[in-house]
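Go ahead and model the full structure; you've got the sequences and the hints to work with.
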Amino acid sequence: MTFSAPQEHHHLAHIHPQAKIHPTAEIGPFAVIHEGVTIGAGTRVGAHVVLYPGVHIGENCRILPGTCISADASQLEYWRNENQDANHIATVRIGDNVHIEPSANIHGGIVIDEGSWIGSNSTIHDGARIGKYCKIFPGAVISAIPQDLKFKGEKTLLEIGDYTVVREFATLNRGTDYHGKTQIGHHCLIMAYVHVAHDCIIGDHVIMVNGVNLAGHVQIDDWAILEGLVAVQQFTRIGRHSFVAGGSLVRKHVPPYVKAAREPLTYTGINSIGLRRRNFQPDQINAIQEIYRQIFLSGMNTSHALDYVEQHLPATEERDEIVGFIRSASRGIIKGRTRDATSSPEIE
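Each position in the sequence shown, counted from 1, maps to that position plus 1077 in our numbering.
Derived by calculation from the structure, the hints in this document are not laboratory data. The beta-carbon is built from N, C-alpha and C at its ideal position, and this holds for glycine as well. Among the clues, some could well be false.
To be verified - Beta-carbon label-pair distances, calculated as ranges:
hint: 1; residue 1: Ser1375; residue 2: Gly1401; range: 18 to 26 Å
hint: 2; residue 1: Phe1312; residue 2: Gly1376; range: 24 to 32 Å
hint: 3; residue 1: Phe1107; residue 2: Pro1341; range: 53 to 61 Å
hint: 4; residue 1: Gln1224; residue 2: His1091; range: 31 to 39 Å
hint: 5; residue 1: Gly1376; residue 2: Gln1224; range: 40 to 48 Å
hint: 6; residue 1: Leu1390; residue 2: Cys1145; range: 57 to 65 Å
hint: 7; residue 1: Pro1359; residue 2: Asp1173; range: 39 to 47 Å
hint: 8; residue 1: Asn1378; residue 2: Cys1145; range: 55 to 63 Å
hint: 9; residue 1: Ile1350; residue 2: Ala1392; range: 19 to 27 Å
hint: 10; residue 1: Gly1323; residue 2: Glu1394; range: 27 to 35 Å
hint: 11; residue 1: Gly1376; residue 2: Glu1245; range: 45 to 53 Å
hint: 12; residue 1: Gly1376; residue 2: Gln1310; range: 24 to 32 Å
Unchecked claim - Think about it this way: if two alpha-carbon atoms lie no more than 27 Å apart in a straight line, the pair counts; the simulated DSS-like pairs of lysine-lysine are:
hint: 13; residue 1: Lys1229; residue 2: Lys1258
hint: 14; residue 1: Lys1212; residue 2: Lys1258
hint: 15; residue 1: Lys1258; residue 2: Lys1329
hint: 16; residue 1: Lys1258; residue 2: Lys1227
hint: 17; residue 1: Lys1097; residue 2: Lys1209
hint: 18; residue 1: Lys1232; residue 2: Lys1212
hint: 19; residue 1: Lys1209; residue 2: Lys1232
hint: 20; residue 1: Lys1227; residue 2: Lys1329
hint: 21; residue 1: Lys1209; residue 2: Lys1258
hint: 22; residue 1: Lys1232; residue 2: Lys1258
hint: 23; residue 1: Lys1412; residue 2: Lys1329
Encoded structure:
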């Protein structure tokens, strides 16, 4: 790649001679570009942007006015400990075609992959790994240190998969030493004011509606939907294709394919509408429904019901997933209802 000399850019910009800037890049007035910065072809850096050492920006990016990007996270006292090299500077790597709105604050060792959009006044902290074509809306705080008194500055991560959307004022914390990272899957929708605590594992296509709060170490599997103001206790798991009604408090595991509501949280049927939308066939839905009739409505205890399901119901991927989930649920699962809340897929 060919880089230009600094004097070819706006005469009011402050550009270090050792910054590497492509000839087709544009630097706006009063921007400050430090040594060790790399800026790719076709990228535009707006007025009053500050790029510190260790920042590498790809091609055709837009960095709008007032944004500050620094690879150094040592301003927090957590990074000043005997296990860290105080002279070590991490890197910020911003992929091609990334658009960063005004006054975003990005600092620490961070990767933002190609095509992502970062909203104004959002904050991205050390350890963030943001995938392709993500959208981070204004006011979101990404990869802040865990709200955990045991945290002592370990180098951990927050990973966000491709095409995930994080709406306004959501707060996503990075991991602790326990798991090493917090993980958000691909194609997720995390709405406004959602909080995801340290070491959570969120699958693909998960939707969390406004105000959902996850404590630490929560696992949410693919295609789950949590309605607004759901609160999930630490070390709890919510299974695939499940649906948790708004305002629920989740204290026990929610098995896959079910709907859960009421207080205390209770099984209210299978998520047949969601399953049909995801192209499950009627015979699959009916089979799942029969499994849960035996587990929740037969009068057997959970252990006997699982034995019955394995011995008498047809072997399917869904059956094995449900049985495996419940057998491994160390916290126990939500309770069933006293009457049959399920209905046929044709009626729901």
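Hints violated by the structure (numbers, ascending): none
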